[in-house]
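Whole structure, please, built from the sequences with the hints as guidance.
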Amino acid sequence: MRMNLPGRRVLLALGAALFLTACGAKTDLDAPPVALGDFKLGYNIVVAKNAQKVPPSRNATTEEWEAKLKEALDRRFRRYDGDKLYHLGVNVDAYSLAIPGIPIILAPKSALIISANVWDDAAQTKIHEEPEQLTVFEGLNGETLIGTGLTRRKEKQMDALAANAAQAIENWLLKNREAWFGETGVAAAETSVDATPEPPVN
Numbered sequence: 000m001r002m003n004l005p006g007r008r009v010l011l012a013l014g015a016a017l018f019l020t021a022c023g024a025k026t027d028l029d030a031p032p033v034a035l036g037d038f039k040l041g042y043n044i045v046v047a048k049n050a051q052k053v054p055p056s057r058n059a060t061t062e063e064w065e066a067k068l069k070e071a072l073d074r075r076f077r078r079y080d081g082d083k084l085y086h087l088g089v090n091v092d093a094y095s096l097a098i099p100g101i102p103i104i105l106a107p108k109s110a111l112i113i114s115a116n117v118w119d120d121a122a123q124t125k126i127h128e129e130p131e132q133l134t135v136f137e138g139l140n141g142e143t144l145i146g147t148g149l150t151r152r153k154e155k156q157m158d159a160l161a162a163n164a165a166q167a168i169e170n171w172l173l174k175n176r177e178a179w180f181g182e183t184g185v186a187a188a189e190t191s192v193d194a195t196p197e198p199p200v201n
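If you count the sequence shown from 1, position 98 lands on 97 in numbering that gives the first Met the number 0, and the numbers rise without skipping.
For the record, the hints were derived by calculation from the structure and aren't laboratory data. Check each hint, because a few of them may be wrong.
Unchecked claim - Below, computed lysine-lysine pairings styled on PhoX-like, alpha-carbon distance capped at 25 Å:
1) Lys153 <-> Lys52
2) Lys83 <-> Lys69
3) Lys174 <-> Lys83
4) Lys83 <-> Lys155
5) Lys155 <-> Lys69
6) Lys83 <-> Lys39
7) Lys153 <-> Lys48
8) Lys48 <-> Lys83
9) Lys48 <-> Lys69
10) Lys69 <-> Lys39
11) Lys155 <-> Lys39
12) Lys48 <-> Lys155
13) Lys48 <-> Lys125
14) Lys125 <-> Lys174
15) Lys153 <-> Lys69
16) Lys174 <-> Lys39
17) Lys69 <-> Lys52
18) Lys125 <-> Lys69
19) Lys52 <-> Lys155
Rendered as structure tokens:
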């Protein structure tokens, strides 16, 4: 069966990303969250049934990805206590979980591609036009430099990717907080972020 054009693009994007490195999520969940206006998380919907595995990769089930991402999103976004409900919808587009047995010089990096959407509960509509596609990695440390297929179990790889995906979504929301969540003036200036029905997911 021939893969459609969007599917090929996802695979190409992830294939190129596997040999790059990126900073992982900061250990910041114990600190007060950065101001995000009137945001309060309502539904947290994750769909992984169409996720494409990019080899070489360990296997992960739809249920595993959905559980890991929902847990990470809850942990990050339930900290916000604004006055208005917003729903998050996340598709898992593609993933690769580094496998053991690859020479260190060729050790692949685990990576995850997701598409995120935000819904306004009161208006029952998305607050942006197109899904935001994000690519995340496990992070950069001693384990990932030699390939986490040799140093981490699959569950730990997925935990790291899910946590980084949740933070990537948070950073995306923070960049748009004035337009979407009414975060303006002194509060926004003082909390600047470093650059770099159940709603349907699409």
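Does Lys52 lie within 25 Å of Lys153 when you go C-alpha to C-alpha? Since the Cα atoms of Lys153 and Lys52 sit roughly 14 Å apart, the hinted pair holds (cutoff 25 Å).
Under the criterion that the straight-line Cα-Cα distance not exceed 25 Å, is the pair Lys174, Lys39 satisfied? holds (17 Å)
Between Lys153 and Lys69, is the straight-line Cα distance small enough, at 25 Å or below? Judged against 25 Å, a Cα distance of about 17 Å means the pair holds.
So if I understand the rule, the pair passes when the alpha-carbon distance is 25 Å or less; does Lys48 with Lys125 pass? Holds. Lys48 to Lys125 sits at ~22 Å (cutoff 25 Å).
Between Lys48 and Lys155, does the CA-CA distance stay at or below 25 Å? holds (21 Å)
Do the alpha carbons of Lys69 and Lys39 lie within 25 Å of each other, as the hint requires? holds (16 Å)
Below or equal to 25 Å on CA atoms is what counts here, so check Lys125 against Lys174. holds (17 Å)
Are Lys155 and Lys39 close enough, with their CA atoms no more than 25 Å apart? violated (28 Å)
Does Lys69 lie within 25 Å of Lys155 when you go C-alpha to C-alpha? Answer holds: Lys155 to Lys69 is near 15 Å, not above 25 Å.
Does the structure keep Lys153 and Lys48 at a Cα separation of 25 Å or less? Judged against 25 Å, a Cα distance of about 19 Å means the pair holds.
So if I understand the rule, the pair passes when the alpha-carbon distance is 25 Å or less; does Lys83 with Lys69 pass? holds (20 Å)
Take a quick look at whether Lys83 and Lys155 sit within 25 Å of each other, Cα to Cα. violated (34 Å)
Checked against the numbered hints given earlier, the structure breaks hints 4, 8, 11 and satisfies all the rest.
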